[in-house]
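A.B. asks: The primary structure of each chain is shown beneath.
There are 2 protein chains.
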Amino acid sequence: MPFQLKLDKSVKKASSNIVLALDLPSHQPHSLLPRSIQILEETHPYICAVKINRQLVLPLCLFKEIQRILKSAQDLGLPTIMDCKINDVGHTNRIIAEYYYKAGFDALTANPFVGWNEGLKPVFEVAKKMDRGVILLVYMSHKAAEEGYGQTVQNPETGQLRPQYVTFAEKALSWNADGVVVGATYPKKIRIVHSILQEKVPIYSPGVGNQGGDIKAATKAGTRYLIVGRTITLSVNPNETAKRVRDIATQSLR
Amino acid sequence: MPFQLKLDKSVKKASSNIVLALDLPSHQPHSLLPRSIQILEETHPYICAVKINRQLVLPLCLFKEIQRILKSAQDLGLPTIMDCKINDVGHTNRIIAEYYYKAGFDALTANPFVGWNEGLKPVFEVAKKMDRGVILLVYMSHKAAEEGYGQTVQNPETGQLRPQYVTFAEKALSWNADGVVVGATYPKKIRIVHSILQEKVPIYSPGVGNQGGDIKAATKAGTRYLIVGRTITLSVNPNETAKRVRDIATQSLR
Chain H
30 MPFQLKLDKS
40 VKKASSNIVL
50 ALDLPSHQPH
60 SLLPRSIQIL
70 EETHPYICAV
80 KINRQLVLPL
90 CLFKEIQRIL
100 KSAQDLGLPT
110 IMDCKINDVG
120 HTNRIIAEYY
130 YKAGFDALTA
140 NPFVGWNEGL
150 KPVFEVAKKM
160 DRGVILLVYM
170 SHKAAEEGYG
180 QTVQNPETGQ
190 LRPQYVTFAE
200 KALSWNADGV
210 VVGATYPKKI
220 RIVHSILQEK
230 VPIYSPGVGN
240 QGGDIKAATK
250 AGTRYLIVGR
260 TITLSVNPNE
270 TAKRVRDIAT
280 QSLR
Chain U
30 MPFQLKLDKS
40 VKKASSNIVL
50 ALDLPSHQPH
60 SLLPRSIQIL
70 EETHPYICAV
80 KINRQLVLPL
90 CLFKEIQRIL
100 KSAQDLGLPT
110 IMDCKINDVG
120 HTNRIIAEYY
130 YKAGFDALTA
140 NPFVGWNEGL
150 KPVFEVAKKM
160 DRGVILLVYM
170 SHKAAEEGYG
180 QTVQNPETGQ
190 LRPQYVTFAE
200 KALSWNADGV
210 VVGATYPKKI
220 RIVHSILQEK
230 VPIYSPGVGN
240 QGGDIKAATK
250 AGTRYLIVGR
260 TITLSVNPNE
270 TAKRVRDIAT
280 QSLR
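Quick note, the sequences are listed as chains H and U, same order. Remember, my numbering sits 29 above the position in the first sequence when you count from 1. Remember, my numbering sits 29 above the position in the second sequence when you count from 1.
In isolation and in its complexed conformation, chain H is listed as follows:
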């Protein structure tokens, strides 16, 4: 099943647009696997997908423990996203994408800054062949995002000056990306990106909670999926917190 279809199904089932970011602290490596699976089981009724970061892939092994987490997500009907932010040269990008998709991830993230030819083209080719998704970074949630994603760049053909993230949003359209990431901490940027993408490419927004992003502001601006990590994973009761976050997000959609 293609990534977007799988995600739509999951959104309906949980009445939720919350993507859980499994960001677990690293000081207890042996508890990472059981804790990850426990959090998935506790939160699955209120989330639509799971995003995994290198915080888990580095201490755990991709084709061992990570596959057990992916199997657990699959059994719970949750699509999985690998937040690997691919940004290497083409032949390496292709191999990275193949490994993550083979391990079972339904989608991955990539940085459009590397460009198309010998850059992300091989990633989109592998994704198409394996029926998986590619989500592009358009504006990240941290303070220095302004330095790169927010810088003003010149169009090499027209000479026109435009924000970098606008050029990235246009690449997402022309490359047929399955989604874009815009930090919930920047609702004005979400609005501009949404005006370019309309409903053709959905916006994923991390940075809610610990990083200061506001669910309502992001949703009103055009975010379709909210990526929530530490607010849920580090809470005393992830089940209750996931439900609470899901409810706030659902109310914001009205």
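Hints may be right or wrong, so weigh each one.
The list that follows gives simulated cross-link-like pairs (lysine-lysine, PhoX-like), each with its CA atoms no further than 25 Å apart [what the hints assert, rightly or not]:
hint, chain 1, residue 1, chain 2, residue 2
1, H, 100, U, 93
2, H, 131, H, 172
3, U, 172, H, 158
4, U, 245, U, 42
5, U, 157, H, 172
6, U, 249, U, 200
7, H, 93, U, 100
8, U, 172, H, 200
9, H, 200, H, 158
10, H, 41, H, 93
11, U, 131, H, 93
Rather than coming from a laboratory, the hints here were simulated on the basis of the structure.
Keeping the supplied structure of chain H fixed, place chain U upon it in accordance with the hints.
C.D. replies: Below, chain U without anything else, positioned relative to chain H:
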């Protein structure tokens, strides 16, 4: 021992400025570990360091098989670089860097596009604390490098238009990076970057051989270390090929 000192020592010992990129094909996962160690043993007299990519870290486990490769490199007196091209938000970048350094890598690569505050600052902090290196991507070796690294950007303070890679080279200076990457496929860019960095921050150049970069042109333009992968790793006799590449590079330095 700090990364640069370790590297200088190794350069003298092997009379070589060749960094071996352990890029092994992925179709035989079980042979990756023994083959990696075998290539290290065959090539170590002619190389000054080893660079490992996600092509090895994903199929092998960081704290298991990869550590055996790092141990082997260490026993041969070779410094190791993890080419992870860090480009996430700060708290994740910090954890990624900690994992790679804890596993034993002497240096890692990072993308200056993410900026400083809540971006790469935590990576430099961890590196300083653990006495390791950070190498920044300034201009990559692939065709689409022009789209990002080669684009024209506006200085937010002066309004001046400049190439992106020039701004990255300046960040390398002000952030006290231990090296920068500029593709051997772009000798003119190497020359410009070298004119900014002088001998303060060394240039590493990948893209020699399979990607079309020329050792002599890159060296004349200012490259200090040549990153060579498939030309050596996929050759019939890696030992002989490493020696031949080392000799060409040494001659170019004269």
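A.B. asks: A separate judgement is required for each hint: does it hold in the structure or not?
C.D. replies: Status of each hint after checking the structure:
1. Distance check on the hinted pair: residue 100 of chain H and residue 93 of chain U sit about 22 Å apart at the alpha-carbon level, within 25 Å; holds.
2. Pair hint residue 131 of chain H plus residue 172 of chain H does not hold up; C-alpha atoms about 34 Å apart against a cutoff of 25 Å.
3. In summary, the hint linking residue 172 of chain U to residue 158 of chain H is supported, as the alpha carbons are separated by about 23 Å, within the 25 Å threshold.
4. Restraint check: the Cα-Cα separation between residue 245 of chain U and residue 42 of chain U comes to about 22 Å, which is no more than 25 Å; the hinted pair holds.
5. At most 25 Å may separate the alpha-carbon atoms for a hinted pair to count; residue 157 of chain U and residue 172 of chain H meet this at roughly 22 Å.
6. The hinted pair formed by residue 249 of chain U and residue 200 of chain U meets the criterion: a straight-line CA distance of about 24 Å does not exceed 25 Å.
7. For the given pair, residue 93 of chain H sits about 22 Å from residue 100 of chain U by alpha-carbon distance, which is consistent with the 25 Å threshold.
8. This hinted pair checks out: residue 172 of chain U and residue 200 of chain H have alpha carbons roughly 17 Å apart, not beyond 25 Å.
9. Note on residue 200 of chain H and residue 158 of chain H: the hinted pairing holds, with a Cα-Cα distance of about 20 Å set against a maximum of 25 Å.
10. For the hint linking residue 41 of chain H to residue 93 of chain H, the alpha-carbon distance of about 31 Å lies beyond 25 Å, and the restraint is violated.
11. At roughly 21 Å between alpha-carbon atoms, residue 131 of chain U and residue 93 of chain H fall within 25 Å of each other, so this suggested pair holds.
Checked against the numbered hints above, the structure violates hints 2 and 10; every other hint is satisfied.
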